[in-house]
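Visitor: Single-letter residue listing:
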Amino acid sequence: MCLAIPGRVLELNGAFATVDFGGVKRRIGTALTPQVAVDEYVLVHAGMAIQVIDVAEAERTLELIREVYADLADEEIGPEGAGLD
Amino acid sequence: MTEAGWQDSFGDPVLVRRLLARLESIVTQPLRLMEVCGTHTMALFETGLRPLLSECGVELVSGPGCPVCVTAQADLDHAFAVAAEPDVTLATFGDMIRVPGTKTSLGRLKAEGADVRIVYSALDAVKLAQLQPDRRVVFLAVGFETTVPSIAYALQTAEESGFANFFIFPLHKTIPVPLMWLAGHPELRLDGFLCPGHVSVVIGARAYEPVASQRGKPCAITGFEPVDILRGVVELAEQVAGGRSEVANMYERVVKPDGNPAALQLIDRYFEPATARWRGIGELPDSGLELRRQWHQRDIRAQLPEFTPPVADPALAACRCGEVLIGKLQPPACACFGTSCTPAHPLGACMVSQEGSCRAYHKYHGMGGGDG
Ligand code: SF4
Chain H
1 MCLAIPGRVL ELNGAFATVD FGGVKRRIGT ALTPQVAVDE YVLVHAGMAI
51 QVIDVAEAER TLELIREVYA DLADEEIGPE GAGLD
Chain U
1 MTEAGWQDSF GDPVLVRRLL ARLESIVTQP LRLMEVCGTH TMALFETGLR
51 PLLSECGVEL VSGPGCPVCV TAQADLDHAF AVAAEPDVTL ATFGDMIRVP
101 GTKTSLGRLK AEGADVRIVY SALDAVKLAQ LQPDRRVVFL AVGFETTVPS
151 IAYALQTAEE SGFANFFIFP LHKTIPVPLM WLAGHPELRL DGFLCPGHVS
201 VVIGARAYEP VASQRGKPCA ITGFEPVDIL RGVVELAEQV AGGRSEVANM
251 YERVVKPDGN PAALQLIDRY FEPATARWRG IGELPDSGLE LRRQWHQRDI
301 RAQLPEFTPP VADPALAACR CGEVLIGKLQ PPACACFGTS CTPAHPLGAC
351 MVSQEGSCRA YHKYHGMGGG DG
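First to last, the protein sequences are chains H and U.
Residue numbering for the first sequence follows the working numbering, beginning at 1 and increasing consecutively.
Residue numbering for the second sequence follows the working numbering, beginning at 1 and increasing consecutively.
It is worth saying that the hints were derived from the structure and are not from the lab.
Since no wrong hints were added, every one of them can be taken at face value.
Partner residues aside, some chain H positions facing chain U, computed with beta carbon under 8 angstroms:
hint, residue
1, Leu3
2, Pro6
3, Met48
4, Asp54
5, Ala58
Lysine-lysine pairs mimicking BS3-like chemistry, simulated, CA-CA at most 30 angstroms apart:
hint, chain 1, residue 1, chain 2, residue 2
6, U, Lys328, U, Lys103
7, H, Lys25, U, Lys127
8, H, Lys25, U, Lys256
Label pairs and their computed distance ranges (CB to CB):
hint, chain 1, residue 1, chain 2, residue 2, range
9, H, Arg66, U, Gly48, 16 to 24 angstroms
10, U, Pro314, H, Asp39, 54 to 62 angstroms
11, U, Pro257, H, Glu59, 15 to 23 angstroms
12, H, Phe21, U, Glu55, 31 to 39 angstroms
13, H, Arg66, U, Lys256, 19 to 27 angstroms
14, H, Thr18, U, Pro257, 25 to 33 angstroms
15, U, Gly57, H, Arg66, 19 to 27 angstroms
16, H, Phe21, U, Val311, 41 to 49 angstroms
17, H, Glu63, U, Lys256, 18 to 26 angstroms
18, H, Leu10, U, His185, 40 to 48 angstroms
These figures come from a predicted structure and were not determined experimentally.
Ideal Cβ positions, reconstructed from N, Cα and C, are used throughout, including at glycine.
Please work from the sequences and hints to get the whole structure.
Guide: Quick look at the structure:
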């Protein structure tokens, strides 16, 4: 029930926005994320955006993970995930 | 488009492999972690991570993070009695429809003529109140901190629009207090918590400090993609190995130290902490939210006569949801699992809700999944 889905804001209209969820468009409430702007990503739960997703932070996180876990991977699984699907 | 880049990367199989390799190298003795959130329970099955983690010596037990499942029987019975009132339209999230009460369910009441509607958001229920001014429209307000702000917003909308016929049946629960209870439970022997990501979006990472500092249990807040979950598990394993217990926020892209202030303010405007009844745990002070005094008229219970709970049904007594919800019992170990209790004929809420542990185990293990 705490499921929340990321989507991209296409249009703002007062306390509401049209959000694109991978092709599916929905109207959602933005009262909990008053700072949101068009083209930003929001996390949507029960018809309302509960947070603006910090995409730069997401990229930093990924960068960090790649850095921290790079060495082990090369020793133990060889080049770029061989044998994975 | 570049936008898919970061989203897909949290499922990157290369990173998954790397994180699993790291986990294997640091886990030297079996770890018992609780995934508090029902959405994590589902994600652990859907991504196939559960068996991989178990190969690394990490056992994940499901916690009380399914709001439908933790609703106490007496509260369900009371809500169902409200739904049966002739002038009431009861609006609810779909997950509640088939949850069995002592004598009936919302689905059964609906079939018998009660006006029960499934809505996607609390705001949809306000719309129903607008469309039917002669009926009392009651939103069955079940949910954790993730959901409460949207319900507070619905109350605000009803207030501003002057819809006096919109009510809620408040059954909200909040996460930090039961976590403290679970962390201090002597029989559960938990080594740490994967904290619920979307609850944390609202309440913030700091909310778990007492669990880590006073109870000595490491906490990792994570998202729901494979890389998110694994990174959280690795972090917990590192903390255990290093003898530390801290709150680690591994869902940085949406979780802030103090949560979402706009959402918290809205909650605070309408609700105050109160004692709540949890299935499997019992009553816990300050683990729920009731309407503040000035909004009491929006609580449907204040509008109706005192409720007398029905006598318990012995068939339901066999259900061990209570133990499942605190990680004491794995669903397949319940004698009813897959036999007298199935998703088509559920005995307990844990077999009904999309996020219920019994439902998840049943879906992914099939019937008779043994004691594992
Ligand atoms: S399998 Fe069914 S009866 Fe057993 S604990 Fe789960 S919901 Fe209850």
